[in-house]
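**Student:** Chain residues, written in single-letter form:
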Amino acid sequence: MTQTISRASLALWLDALTRDYTVIAPRRVDKLVLYKPISSAEEMVYDFGRTGLSAKEHFLPMMQSIVNIHKDQNGLILEVPRLGRSQVIFGLRPCDARALRVLDAVMLSEPADAYYGERRENTVTVGIACKEPQEGCFCTSMGGAPDDEKDLDILLVEMNDGYAVKAVTDRGRALLAGASLSEADAPPPVSKAPEALQLPTLETWQGRFNEAYWARLSDRCLGCRLCAYVCPTCYCFDVRDYAENSSEIKRLRCWDSCQASGCYRLAGGHNPRPTKRERLRQRFYHKLVYYGQRFQVDLCVGCGRCVVQCPANIDIREIIADVAGQ
Amino acid sequence: MSNPLLPHLATLTQVKDLAVGIKLFRCKFNDSQVGANFDYRPGQFGFLSAFGVGESPFGLTSTKGRLNSEVEFAVARVGTVTAALHELEEGDTVGIRGPYGNWFPLDEVRGKRIVIIGGGIGMAPLRPVIQTIIYNRRDYDELILLCAARQPNLLVFKEEYDEWAAAPNTRFHVTVDVGDNSWKGNVGLITKLLADVAPTPDNAVAITCGPPIMIKFVLKGLKELGFTPEQIVTTLESKMKCGIGKCGRCNVGERYICLDGPVFRYDQILKFLEEF
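Chains as they are written, first to last, in the working numbering: chain W, 2 to 327; chain H, 159 to 434.
Careful: at least some of the hints might be erroneous.
[Unchecked claim] Derived Cβ-Cβ restraints for the label pairs, each shown as a range:
#1 Ser-248(W) to Glu-432(H): 22 to 32 Å
#2 Glu-212(W) to Lys-174(H): 43 to 53 Å
#3 Gly-263(W) to Lys-174(H): 27 to 37 Å
#4 Gly-326(W) to Thr-238(H): 13 to 23 Å
#5 Arg-226(W) to Asp-175(H): 54 to 64 Å
Hints are computed from structural coordinates only; laboratory data are not their basis. In this text, all values refer to a predicted model and were calculated from it rather than measured experimentally. Where is the CB? At the ideal position from N, CA and C, for every residue including glycine.
Sequences and hints are given; from them, build the entire structure.
**Tutor:** See below:
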């Protein structure tokens, strides 16, 4: 038996959820489909393939104040902004859900990041399995699968006039309490998975560190940082103070990228990664070597966004194949 | 959930010039309980905030227990945050978070001859090492102190030189790259001083901190004197935005300078794929 929900019931359920939660779902923004808050199910896009950005921004916002600093005659008062309402992220793809597990490794390891932790604790994820791979997809190479449920609270699989529903966690079961579910005899259809790449060994990666390959590759790189911004697992951030006026200061944390020329440059001028060669190499070694050495999981989920969005056609799948090949 | 990125407020109780462009900031935590709990060891660092401009990491240059619960940072004016800190005066408020990172292995090197080689502002994290050894003088063998700066007016902690030089079983030397009219001491790079003093590697450990280029040549000089990588302890510095392993600036391979450093044995650094 398969639990199912019709499209009509799904819309009613989503509308009901907007009363208690910030519901975030794939929504059309100009020519893009992005995970953004919706006020009713009508705004949601069902047939979206892959969104332009992942849902990362709802855990690590592009820009957030981590400390509000108020100055007056009596001195300084520091205030930490809190998340208002709990969030439901609807329509998450299994790769983007896996990205949360990957980010948990760094963000929740002690000492844990309080801002990420607060959002993780107060977010329920409802995923939709991918029917077939999009251009650039390689989730199966990075340990995921198009219908992988394990990093979601609820997994939906599209069928006939609705979805097969599987509550994966207690939190998912609780969220489904208000949904009108049915049962069907047939199992949900099986997803088509992308072909898995052969990953290089640690020794191969280490042996190729000083090869001219990285300089050649970086010749093509524009240093535009798009790869980091569209990546569901890139988490590097910058912190700066912004004084709105003499009494109100915000300490802002923003997305950053290892491809920025000043990313590693110290005051005084020392820069251990001075050219695009070192920085581009750092990107791929951090993702595919170092992070796994430290956290036993790679910093990539194979979502393919950097593959299709890089203006210089730098393709992480090609790099994996080049490093693995002779 | 506690929030390690939220600074503690502190008040500057002393601001003084250590050298041209380098100031010492003594800070008292506004909450005395925070000050009492702020437990740190030589080599650890903290983030100092100039509110409205930003925060940056600095080595703690005081020794826990010596200043009640006040802490000190030596700050060279080299960038935006340090310039803002230099504008502050006694009584002004700063933010402090930390302590972060590991520390010099002063327990492990008890009984050994200690060679300390510091250049410029690199003396800041070495000062609590020197103080700890001097205050526990019998726990260590001979102490050889080599201090350097580019020019005489960039030498830091000069007021403390007499105390350091007078410590029992201690050899103390200073050099500057370029002297001036009033300078009567050694002139030359610290590597020359190191070669002249030529400390024996027998039962010795060398601890060095300074600009990356100095460390590079000091490591070479120590090797020539017969020091093995296991006998050399140094520090790595890096841009940092958090100090707690999240911001992605200080990873060298799978190591994080903020969590696994900033203190490394030279043999650990030799295993890194890239030079940092």
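**Student:** If a hint holds in the structure, say so; if it does not, say that too.
**Tutor:** Structure-based check of each hint:
no.: 1; hint: Ser-248(W) to Glu-432(H): 22 to 32 Å; result: violated, 45 Å
no.: 2; hint: Glu-212(W) to Lys-174(H): 43 to 53 Å; result: holds, 51 Å
no.: 3; hint: Gly-263(W) to Lys-174(H): 27 to 37 Å; result: holds, 32 Å
no.: 4; hint: Gly-326(W) to Thr-238(H): 13 to 23 Å; result: violated, 45 Å
no.: 5; hint: Arg-226(W) to Asp-175(H): 54 to 64 Å; result: violated, 40 Å
Hint compliance for this structure: hints 1, 4 and 5 are broken, all remaining hints hold.
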